[in-house]
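For chain A, the structure is supplied; the task is to place chain B on it using the hints.
Sequence order for the protein chains is A and B. Using our numbering, you'd call the opening residue of the first sequence number 1 and step up by one each time. Using our numbering, you'd call the opening residue of the second sequence number 1 and step up by one each time.
Just so you know, these hints were derived from the structure itself, not from any lab. Any given hint could be a false lead.
What the hints assert, rightly or not - Okay, the calculated bits of chain A under chain B, using three or more residues with CB under 8 Å as the criterion:
hint, segment
1, 467 to 480
2, 580 to 590
3, 593 to 602
Just so you know, even glycine gets a beta-carbon here, dropped at the ideal spot from N, CA and C.
There are 2 protein chains.
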Amino acid sequence: MKAWLSRLQNDLDFVPSSPKELAAYELSHALPDIPCRIETDPAMDEGYRISHSPDGTYLITGGTTGVLYGAYALICRVLCGESLPDEFRSSPQYALRMINCWDNADGSVERGYSGRSLFFEGGHLQYDPFRMRELGRLLASVGLNVLCINNVNVHFPAQLLLEDYLGEAAALADLLRPFGVRLMFSVDFSQPMRHGIPTADPLDPAVQAWWKETAARVWKAIPDLAGFLVKADSEGRPGPFTYGRNHADGANMLAEAVRPFGGSIIWRCFVYNCRQDWRDTKTDRPKAAWEHYAFLDGQFADNVILQVKHGPFDFQVREPLSPLLLGMKKTHMAMELQLAQEYTGHQIDIYTMIPMWRELFEELPESNIMSLAAVSNLGRDENYTGHPLAAVNLFTYGLLAWDPQTDAKEAVTRWARLTYAFSPADESSLVSLLLSSRRTYEKYTAPLGIGWMITPHDHYGPNPSGYEYDLWGTYHKANRDAVGIDRTAAGTGYLLQYPDSLQQKYGDPVTCPDLYILFFHRLPYTFRMKDGRTLIQRIYDDHFDGFSETQAMAETIRSLPFPEEDRKVILDRMDRQLCNAKEWCDIINTFFFRLSGFRDEHGRTIYD
Amino acid sequence: MKAWLSRLQNDLDFVPSSPKELAAYELSHALPDIPCRIETDPAMDEGYRISHSPDGTYLITGGTTGVLYGAYALICRVLCGESLPDEFRSSPQYALRMINCWDNADGSVERGYSGRSLFFEGGHLQYDPFRMRELGRLLASVGLNVLCINNVNVHFPAQLLLEDYLGEAAALADLLRPFGVRLMFSVDFSQPMRHGIPTADPLDPAVQAWWKETAARVWKAIPDLAGFLVKADSEGRPGPFTYGRNHADGANMLAEAVRPFGGSIIWRCFVYNCRQDWRDTKTDRPKAAWEHYAFLDGQFADNVILQVKHGPFDFQVREPLSPLLLGMKKTHMAMELQLAQEYTGHQIDIYTMIPMWRELFEELPESNIMSLAAVSNLGRDENYTGHPLAAVNLFTYGLLAWDPQTDAKEAVTRWARLTYAFSPADESSLVSLLLSSRRTYEKYTAPLGIGWMITPHDHYGPNPSGYEYDLWGTYHKANRDAVGIDRTAAGTGYLLQYPDSLQQKYGDPVTCPDLYILFFHRLPYTFRMKDGRTLIQRIYDDHFDGFSETQAMAETIRSLPFPEEDRKVILDRMDRQLCNAKEWCDIINTFFFRLSGFRDEHGRTIYD
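Pulled out of the complex, with its shape left as it was, chain A reads as follows (with noise of 0.2 Å):
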């Protein structure tokens, strides 16, 4: 297999026109021993059919790039020993499976944890084509299909991919095409003032034409770029409110620009006040995103894809459904999900997202939204991923964003087997181990939902006051008796965002799932949960098994015969991630110790 996965990379010969030539490349490579043939049906769009023949052939017919992914799937289940039926079909759920990437032209990542950019650097696009054939590969094997490059706080010089940079951009589309992967950039929302027309309001016609020219300049190069993609009045950003219009004002100036030539505009939706006043008790930042947004429902044009964040704060651990995403049913709507390991661990600690990814679906109709779009966690590391183990989750996030009922078990272990090949006993003890791995993580960390005891800015370790007094709108007040925010109709009233049976289960502390409880009540240390312990009982637990779990990972770590180049990388994270585990653990519990006086019902050390 290893032969196979280094031949793209090195057959400098070969240059693929299509995905159907490529198919029919990796399918010779990758199972040269099994006749296949490839048969497109434009109709299929991007699915595709693998029929058995009993004579051993196997035929794959698909749309222009269903037929790659019908190769890879093919590859995939073989190599894995999987059987398959004697026909199979399939096709994606969304349209649009997103990979965002943050990276900035300077050549640096935002909230990258694997090195460096792979598309800039110096204030240059600039990349290996090589790895960008790679890079193609690895996002068409789990049928991921757009690729933004471009940090979406869209820092100087990354304007210029719209102007000076487009030859080299439209350069970068053709690598990535066969692999039927579209590019996406990033666009700063007042571009048009750097060319000399003063303003960015979208009801400015000398705005609107600038948009219009430039939307079919850049079409023009990459005919097939899926959009634009845009942060803005967020943090900082330029964006409609400045000319007092609304966001549905901005989305659908940009979405005229760009309709002639079927892009997309995808409208981040992470707007809240980020200069808030601590002592503020009437804005609860999690209400944000619906204030903004819900009352424009069915005013924003049919190619503007508004693109949600899963969670009301900014991917903590655990965080409930958005309700937004259940509440917008006359707008295209994208989750937004991110492998950057951000607020979870930086890719030292293991953190494999799936498991948390189903329990959203749980929540969320499949059909309410339309595209899913995640953060990258890829960087210029040899390994992509900064941490070997961290690729689950771009493998994971590719399956699910073609079918989110994917199962969590069976896509983790498809990728164990796939990377390490390894036995049954051990693959298994691997298996196992990633899909703990994010309880592992929530419970050596913030308790219960409540999120936020990081350290803020680096957001990595334990600073379960770094918040509390600072201006983004994340506080858990705790004191001596309580802990937590009261977000139903008594307190905050963001409960009130959701539809009524999200209101039932979550209302009432004594319904409400233990892991959410801190997210929407205000709770004394007193308080019973469901299995009778107290809450800072609970919490204590937590916190002492979250980190003998980890040192529980570590031993298996150290017993599984990675090879050697993964093996160091990640017995030198693991030893990081016990001394992470072992700070937050200790610190939480003394941080709750301190201010509540309980003492631990089991004796345990909790440091004065």
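Okay, now just chain B, sitting in the frame of chain A:
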């Protein structure tokens, strides 16, 4: 007066060749109507005598530099409208009256709040000769005589002061010499290793030889260089510990090298464990200096001076005197103060230091130390000190280093009069404001000697638990019942490093001065202070008072007729101080309210 002040600056033809010539120049321009004569008596060294003849002539007699100090003393008194006795004699208490600049070769200033370095830019020694002349006068006019121009943390390429930059440094020494100001360099203990020597072991003959040769070369270029300043084995700096040697070994080796040239080694005693585990209650950072140095008393060469920060921590608003300054009777000692307002308001908040310095000298026999040093608050800002009122600290430091009995009010009044020449009422308002500013800052920041509730790294603004779980050994361990560290014999034992009288003064919370009480004791919030208030109520009262005093200060500041260039800066910073004081007041009160549950007895607002 303004004309006189700018004259030296602009008089390009006048290049003083000696302090005497400079003294004559200054007298003739500052006091053109007063006949003066100057006579040199080398035996008087830095001292001077001013005699007033019946014919109205002043005769200044003094040593080589003494005549200049005499001239400035006369100018100061005349311009202040003070009368002089017929004969007035003065000589400095301390031989070395030093300014330590923490300037880096790249032009930045560590903990600098007055712009970039006056001496360095872009990795080069680079200065404006006219500003150097003004600087020399600033220092000489208040009797300061040693200027260490580079950071004690010697970051590359500052090492080149002993090498490539030596010629330019010698030219700088020439500029400053007529002002009686001698240069000093911070040196890197591992510098021999930049020259092919594989070690910096102080007992290694090659190392010793390198320093001897280097000293010979350096003093040849600058024959009156005051010495080398060394930060060794501290916060990551190299030092003798690497080689299993003690600090007497290290300092004496350097002392031997500089002895033939009359140089001194100023050896900083800022050694502590800066990687402390917060769980470790055995280690108490204030004990560190004593533990590292006291046993070496008597072992240092006579041209070594141990430079000890005034308190056992690090320039907090209130610390008791470092016990090391009382305990090493057989060693030459310097006390280090900090004009740079690192923890005391960044030259945004008004903070006049001389009241604090006077308190230190109440505990410290003058003769226990032979020198004073102060970290500079100077930078390239037009006004040198960022905040115009911060200049009072440089001025009064000079007076105090000359005569530690200097009266605080008299010194501040003199500065105010020379600087602004206000009406008596306005002058009195300004002087009162300056003299009370330290207590005001103290009231709204960390309470009662506890320190370290400041934002980590940046050291401006409140973060009550910012250091609590960090590596710096600076913990308050506040919990729901009590706050503070017991440093008595029953606790960490730090108090035992003091002479009996101070052990008695501080040892019992009933006798310990309230303002030091949380430095030495861990106390319940219900503890009764000397005036009957509880500890928690005292904390609340101080914070509300500190903020309202700041509001009153702002009123006063707005009413004063500062010249326009100062007024703009002062008002802007006053607004920032008001915000800072409000944040401190509310956050500290909320922090303790959440912990203790006690409400303010007077019903003022403390946020939940």
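Verification of the hints:
1. 467 to 480: Answer holds; 5 residues pass the 8 Å Cβ test.
2. 580 to 590: holds (count 4)
3. 593 to 602: It holds: at least three residues are needed, and the segment 593 to 602 of chain A offers 5 whose Cβ sits within less than 8 Å of chain B.
This entry satisfies every hint, going by the numbered hints stated previously.
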